[in-house]
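Student: Now for the letters of each chain:
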Amino acid sequence: MSLSSRFENIEMAQHLCGKLLDPENLSDETRHWILMALREALANAIKHGNGQDRAKRVHLEMDVTARILRIHVRDEGEGFDPEKVEDPLAPENRFKTSGRGIFYMKTFMDEVRFQRAEGGGMELFLTKNLAGGKEKEEKGS
Amino acid sequence: MKTSVREGRGGVQILDLKGKITIGSGDVQLRETINKLVDEGKKNILINMQDVTTIDSSGIGELVGCYTSVTNKGGKLRLLHLPPKINDVLTVTQLITVFDVYESEEEAVGSFAG
Ligand SMILES: Nc1ncnc2c1ncn2[C@@H]1O[C@H](COP(=O)(O)OP(=O)(O)O)[C@@H](O)[C@H]1O
Ligand SMILES: [Mg+2]
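For the protein sequence lines, the chains are P and R, in the order given.
Oh and the first sequence: position 11 is 11 in the numbering used here, straight run, nothing missing.
Oh and the second sequence: position 100 is 241 in the numbering used here, straight run, nothing missing.
One or more of the hints may lead you astray.
What the hints assert, rightly or not - List time: in silico DMTMM-like cross-link candidates among lysine to aspartate or glutamate, alpha-carbon distance up to 25 Å:
| hint | chain 1 | residue 1 | chain 2 | residue 2 |
| --- | --- | --- | --- | --- |
| 1 | R | K226 | P | E8 |
| 2 | P | K96 | R | D241 |
| 3 | R | K159 | R | E173 |
| 4 | R | K161 | P | D28 |
| 5 | R | K214 | R | E248 |
| 6 | R | K143 | P | E86 |
| 7 | P | K47 | R | E173 |
| 8 | P | K96 | R | D229 |
| 9 | R | K143 | P | E111 |
| 10 | P | K84 | P | E111 |
| 11 | P | K106 | R | E248 |
| 12 | R | K143 | P | D22 |
| 13 | R | K159 | P | E8 |
| 14 | R | K214 | P | E92 |
| 15 | R | K159 | P | E92 |
| 16 | R | K161 | P | E29 |
| 17 | R | K183 | R | D229 |
| 18 | R | K143 | R | E173 |
| 19 | R | K214 | R | D229 |
| 20 | R | K159 | R | E181 |
| 21 | P | K96 | R | E248 |
| 22 | R | K161 | P | E8 |
| 23 | R | K226 | P | D87 |
| 24 | P | K96 | R | E173 |
| 25 | R | K226 | P | E118 |
| 26 | R | K184 | R | D241 |
| 27 | R | K217 | P | E92 |
| 28 | R | K226 | P | E111 |
| 29 | P | K106 | P | D87 |
| 30 | R | K161 | R | D192 |
| 31 | P | K106 | P | D28 |
| 32 | P | K84 | P | E29 |
| 33 | R | K159 | P | E11 |
| 34 | R | K214 | R | D157 |
| 35 | R | K226 | P | E11 |
| 36 | R | K226 | P | D110 |
| 37 | R | K143 | P | E92 |
| 38 | P | K19 | P | E92 |
| 39 | R | K161 | P | E11 |
Keep in mind that the hints were calculated from the coordinates and are not lab data.
Use the sequences and the hints to build the structure in full.
Tutor: Below, the structure written as structure tokens:
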């Protein structure tokens, strides 16, 4: 699907993603963190990618099986170099008011991969392994 | 997000937040509310997080920004009733040690006196 570049649309996408996730297969906790990662991905596409230009779209694909969730987000912006993103845990960045979104995505998902999209913009692939997730967590606690 | 301010013992400003502190919804509002208090010379601020339902990296950034501006003006900003998931997002970014967090309002308000 594609969304216009408005922050209000983040919630709608989160809602849809939530519907795709089977509560039998994963804990509320895992679900919460997946939806937070999705929120951060879309916020970046809307803000940094498309510069909140409503004429630009954010393209979102979500695929889920019992084993894995894949989220693909593409914006229509200039793209960026993920190597240049600063570490929010570095002491000099600790008190910054921004720069934590990608870190949260990496913390809560199993894979976070950026790629420059053909024809400009940035593509982001987020993956979460779901297989046996709930069982594993319950055993662990 | 909804904000309302109460005054506690010793002039401590208790800021009750309700709802979301997310990008485009509540993040800027939080900063404006805090800046207004600081401009009025009210420097002991306790943020009650009990009814905050969602926070994202922008909301966290605003909390950090508020902490810095209050501290730079010689004030104190402390947190009350931190929901577990917000505690988690502060923990993974190593911010939890920055904030003084309280579970009891009584105790939190009293902490400003010292
Ligand atoms: N889709 C995007 N297009 C262009 N730049 C981006 C994109 N996503 C992230 N960035 C860059 O990466 C930086 C870090 O992103 P993030 O960790 O989410 O922190 P924040 O959004 O608070 O700046 C951003 O400040 C921006 O420079
Ligand atoms: Mg971001």
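Student: Hints first: check each against the structure and report whether it holds.
Tutor: Taking the hints in turn, this is what the structure says about them:
no., hint, result
1, R:K226 <-> P:E8, "22 Å, holds"
2, P:K96 <-> R:D241, "18 Å, holds"
3, R:K159 <-> R:E173, "16 Å, holds"
4, R:K161 <-> P:D28, "19 Å, holds"
5, R:K214 <-> R:E248, "23 Å, holds"
6, R:K143 <-> P:E86, "32 Å, violated"
7, P:K47 <-> R:E173, "21 Å, holds"
8, P:K96 <-> R:D229, "18 Å, holds"
9, R:K143 <-> P:E111, "35 Å, violated"
10, P:K84 <-> P:E111, "19 Å, holds"
11, P:K106 <-> R:E248, "36 Å, violated"
12, R:K143 <-> P:D22, "32 Å, violated"
13, R:K159 <-> P:E8, "18 Å, holds"
14, R:K214 <-> P:E92, "21 Å, holds"
15, R:K159 <-> P:E92, "31 Å, violated"
16, R:K161 <-> P:E29, "18 Å, holds"
17, R:K183 <-> R:D229, "29 Å, violated"
18, R:K143 <-> R:E173, "13 Å, holds"
19, R:K214 <-> R:D229, "28 Å, violated"
20, R:K159 <-> R:E181, "23 Å, holds"
21, P:K96 <-> R:E248, "29 Å, violated"
22, R:K161 <-> P:E8, "12 Å, holds"
23, R:K226 <-> P:D87, "22 Å, holds"
24, P:K96 <-> R:E173, "17 Å, holds"
25, R:K226 <-> P:E118, "37 Å, violated"
26, R:K184 <-> R:D241, "15 Å, holds"
27, R:K217 <-> P:E92, "21 Å, holds"
28, R:K226 <-> P:E111, "21 Å, holds"
29, P:K106 <-> P:D87, "12 Å, holds"
30, R:K161 <-> R:D192, "9 Å, holds"
31, P:K106 <-> P:D28, "19 Å, holds"
32, P:K84 <-> P:E29, "31 Å, violated"
33, R:K159 <-> P:E11, "17 Å, holds"
34, R:K214 <-> R:D157, "22 Å, holds"
35, R:K226 <-> P:E11, "18 Å, holds"
36, R:K226 <-> P:D110, "19 Å, holds"
37, R:K143 <-> P:E92, "32 Å, violated"
38, P:K19 <-> P:E92, "40 Å, violated"
39, R:K161 <-> P:E11, "11 Å, holds"
Violated hints, in rising order: 6, 9, 11, 12, 15, 17, 19, 21, 25, 32, 37 and 38; the structure is consistent with all others.
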